[in-house]
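S.K.: Given the coordinates of chain A, assemble chain B onto it according to the supplied hints.
Listed below are the residues making up each chain.
There are 2 protein chains.
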Amino acid sequence: MPKPLIALDWGTTRARAFLISETGEVMQRRIADQGIQSVPAGGYPAAFEALAGDFRRAAPDAPIVLAGMVGSRNGWVEAAYAACPASPEEIAAAAIRVELDGSTTATILPGLSCDDGAFDVMRGEETLIVGLRLTDGLACLPGTHSKWAEIKGGRITRFASFMTGEVYGLLRESSILGRLAEAPAGSDAADGAARGRAAATRAGGLLNSAFAARTEVLAGRMPGGAVGPYLSALLVGQEIAGARSLFGKRTEIHLVADGALAESYGGELAAAGLTVRTTTPEAAFIAGVRRLAAGLVA
Amino acid sequence: MPKPLIALDWGTTRARAFLISETGEVMQRRIADQGIQSVPAGGYPAAFEALAGDFRRAAPDAPIVLAGMVGSRNGWVEAAYAACPASPEEIAAAAIRVELDGSTTATILPGLSCDDGAFDVMRGEETLIVGLRLTDGLACLPGTHSKWAEIKGGRITRFASFMTGEVYGLLRESSILGRLAEAPAGSDAADGAARGRAAATRAGGLLNSAFAARTEVLAGRMPGGAVGPYLSALLVGQEIAGARSLFGKRTEIHLVADGALAESYGGELAAAGLTVRTTTPEAAFIAGVRRLAAGLVA
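Protein chains in written order, with the numbering used here: chain A, 1 to 298; chain B, 1001 to 1298.
Nothing false has been slipped in among the hints.
Pair ranges (Cβ atoms, derived):
id : chain 1 : residue 1 : chain 2 : residue 2 : range
1  : B       : 1245      : A       : 295       : 45 to 55 angstroms
2  : A       : 187       : B       : 1026      : 45 to 55 angstroms
3  : B       : 1179      : A       : 60        : 36 to 46 angstroms
4  : B       : 1186      : A       : 135       : 46 to 56 angstroms
5  : B       : 1030      : A       : 248       : 56 to 66 angstroms
One-sided excerpt, in silico: chain B residues whose CB lies under 8 angstroms from chain A:
id : residue
6  : 1118
7  : 1164
8  : 1170
9  : 1175
10 : 1208
11 : 1209
12 : 1210
13 : 1211
14 : 1212
15 : 1235
The set of hints was computed from the structure by calculation and includes no laboratory data.
Note that beta-carbon positions come from the ideal geometry of N, C-alpha and C, so glycine has one too.
Here chain A stands alone, though its shape is the one from the complex:
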């Protein structure tokens, strides 16, 4: 019989705390800029109290499960990566305990590692992927460092990271391409996206195609408002092409995103001819952490 659950998706810059009912309903949520980088040494019990102390008082018997960078070398304690291929049971078995106070412990979920050509790691995304409840499929989790994960026979078999969000920020804000960029107006977003999508498959590759965001504007052939959408579609298109090259061509992708990322990735995946099934990060996290919590030794 499942109990209520207190679960935190505790990342580098942000923490998301949830009080979840027996049936999986989110009864309370708190989203705060209290990522692990803002927690001083020895400050985790106090930081947890600030984020979820009231959840504990509302549900004193609820197990407490923490996912994300809180389990990294720079977090509360390091929970060693579980190695791919990994089932939800194997991920749960690699969780570790920390003491909150004399009478209560919390469980920190491990991240995942993958050694498939290049060594790669994730922390937090494994919980969202588990929440998709896939037996076989390919999941895309866009972000600063997007993750693509392959699931076979209910296990996460391998995954790969793409620096798409970070490279977008660098090119848009810190490179020569940003100098001619303006806020998109009118048809700029659609225009830029269509051009970036076409550029993503051009023979010269990313280092060449990105430069057109400058030269096409200088030549008066593209408005400054299209620069950002162009770069976004170019980079997302390159990510999709790279992932398809790594994981094979699929007909269906499970996208974990909301807001602007759901829109941009959903659009580019559909333009690539893929059927997109979208789950919000919160829904995937809630489903995943409940599934992993059920597998933890009580």
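M.R.: Below, chain B without anything else, positioned relative to chain A:
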């Protein structure tokens, strides 16, 4: 009968001024951080005087030819791009005159534009390419925005830019990949280059392969000193692959570079199985500007 020549390669951040003898010997050179971005409005005659006034007094009858960003919208006056395909004669014919003082003019060489899928431009590199005196061939000019140019029948038929140098700087200095990077020691440079070269052909593409510069170090499988060499070889490898995809597979490449760039590009081109013929940027500029000056209407 050729006369002595005063020639400046005048770029955004740097100016290189030469007094060249009738036979092509560099009699005097001055390299200064007086790129066009440091010249105030109306300040070009004075800036020229500071850079090459003594050359004029040493050779009062020498024609004066300026190449590079000095002919851009942000330079002395804008010299419209000559369009590819362009012969040396066609480039020289598109040069324009500016007045230095009441009795003397200088010639500003145009840049080149290319409309081959994406619109692309260069300013200054066209002079170096002309200096290679190629009838047919492929030239590579590495830098912040590397240029590859195809020459057929003595004309520059098309070219493409790659943001290799700028993206290297962003990833090495401003991305998460820089945090674990250290100065190369021992075998770090060779080790990183070998890994980056292998990563350049990996299926996931640049956005995926770059991330390994972090994960491999975190996993203790690559030293921090190899991060820079890894990224360099990865990006140069991607540039070479993109250029070969655009311009076809060749057996020979004309590389215009010296110092560290000649070493890194020379190494990666050779590793890709290409025969490399290297010319220094100064030698290419001197030969090119003399050739173009000979084509100018006296």
